[in-house]
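If you read the sequences in order, they're chains S and R.
If you read the first sequence in this note's numbering, its first letter stands for residue 1, the second for the next number, and so on.
If you read the second sequence in this note's numbering, its first letter stands for residue 1, the second for the next number, and so on.
You may find that some hints are simply not true.
Identical copies go unnamed one by one, so any copy, or any two together, can satisfy a pair.
[Stated by the list, open to error] With a straight-line Cα cutoff of 20 Å, these simulated DMTMM-like cross-link-like pairs (lysine to aspartate or glutamate) come out:
#: 1; residue 1: 28; residue 2: 79
#: 2; residue 1: 54; residue 2: 27
#: 3; residue 1: 76; residue 2: 42
#: 4; residue 1: 17; residue 2: 79
#: 5; residue 1: 28; residue 2: 70
#: 6; residue 1: 59; residue 2: 27
#: 7; residue 1: 35; residue 2: 74
#: 8; residue 1: 54; residue 2: 14
#: 9; residue 1: 34; residue 2: 13
#: 10; residue 1: 76; residue 2: 6
#: 11; residue 1: 34; residue 2: 77
#: 12; residue 1: 28; residue 2: 42
#: 13; residue 1: 17; residue 2: 77
#: 14; residue 1: 34; residue 2: 79
#: 15; residue 1: 35; residue 2: 79
#: 16; residue 1: 54; residue 2: 40
In short, the hints are calculated from the structure, not lab data.
Please read these numbers as outputs of a predicted model, since none were measured by experiment.
Number of protein chains: 2
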Amino acid sequence: MDVHRDIEGLTAEEAVKAHRQDLEIQDKYGVNYKKYWLDEDEGAVFCLFEAPNKEAGEKVHREAHGFTADEIYEVKEGE
Amino acid sequence: MDVHRDIEGLTAEEAVKAHRQDLEIQDKYGVNYKKYWLDEDEGAVFCLFEAPNKEAGEKVHREAHGFTADEIYEVKEGE
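Make the full structure from the sequences, and use the hints.
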């Protein structure tokens, strides 16, 4: 799970576009961006992805649109 | 989506227990704790919930087990 904070002027449309850009190139890094949630007012986005490691997820964001996350956590889904 | 940070000694078992405690009382506040993800090494937990407002989600956590979140975001799931 990654966390993007304080993105100025974040809109749902821009997030949709960025997410699609991730999906287009993610296979190259063995990454699967599965879901994301956004808070437009706060400019926050949470991206849930599967990847060999945190860096692979970051590489996808950087290459796809340049919006890298502020934090990345290696999470397991709770029961 | 709420974010809990730097929980010392966080274990998956404790998170399971806390989540069940949320589920037991959440109806009282009209809340639905749907999923959560945890990073044991970082002591971080992300809880995805539906609620009338942020405060309702906080009340459930406080009453169920006392572990309130550090941040709460009103998120929409991305397309």
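Hints, one by one, checked against the model:
1. For the identical chains of this complex, residue 28 and residue 79 are neighbours neither inside a copy (31 Å) nor across copies (22 Å), given an alpha-carbon limit of 20 Å.
2. Taking identical chains as interchangeable, the C-alpha atoms of residue 54 and residue 27 lie at most 20 Å apart only when both belong to the same chain, with a minimum of 15 Å there against 36 Å between chains.
3. Taking the closest pair of Cα atoms, residue 76 and residue 42 come within 20 Å of each other only across two copies (12 Å); inside a single copy the shortest separation is 25 Å, beyond that limit.
4. In this assembly of identical chains, residue 17 and residue 79 lie within 20 Å of each other by CA distance solely across copies; the values are 10 Å between and 32 Å within a copy.
5. For the homomeric pair residue 28 and residue 70, neither the shortest alpha-carbon distance inside one copy (22 Å) nor that between copies (35 Å) is at most 20 Å.
6. In this assembly of identical chains, residue 59 and residue 27 lie within 20 Å of each other by CA distance solely inside one copy; the values are 11 Å within and 41 Å between copies.
7. For a Cα distance limit of 20 Å, the shortest separation of residue 35 from residue 74 qualifies both inside one copy, at 15 Å, and across copies, at 16 Å.
8. Proximity of residue 54 and residue 14 under a CA criterion of 20 Å is satisfied in neither setting, with 23 Å inside one chain copy and 25 Å between copies.
9. In this assembly of identical chains, residue 34 and residue 13 lie within 20 Å of each other by CA distance solely inside one copy; the values are 18 Å within and 25 Å between copies.
10. Taking the shortest Cα distances, residue 76 and residue 6 sit within 20 Å of each other only across copies (16 Å), while inside one copy they are farther apart (25 Å).
11. In this assembly of identical chains, the alpha carbons of residue 34 and residue 77 lie at most 20 Å apart whether taken from the same copy (13 Å) or from different copies (11 Å).
12. For a Cα distance limit of 20 Å, the shortest separation of residue 28 from residue 42 qualifies neither inside one copy, at 31 Å, nor across copies, at 28 Å.
13. Taking the shortest Cα distances, residue 17 and residue 77 sit within 20 Å of each other only across copies (14 Å), while inside one copy they are farther apart (26 Å).
14. Taking the shortest Cα distances, residue 34 and residue 79 sit within 20 Å of each other both inside one copy (18 Å) and across copies (10 Å).
15. Taking the closest pair of Cα atoms, residue 35 and residue 79 come within 20 Å of each other both inside a single copy (18 Å) and across two copies (8 Å).
16. Taking the shortest Cα distances, residue 54 and residue 40 sit within 20 Å of each other only across copies (15 Å), while inside one copy they are farther apart (25 Å).
In terms of the numbered hints stated before, the structure departs from hints 1, 5, 8 and 12, listed from lowest to highest.
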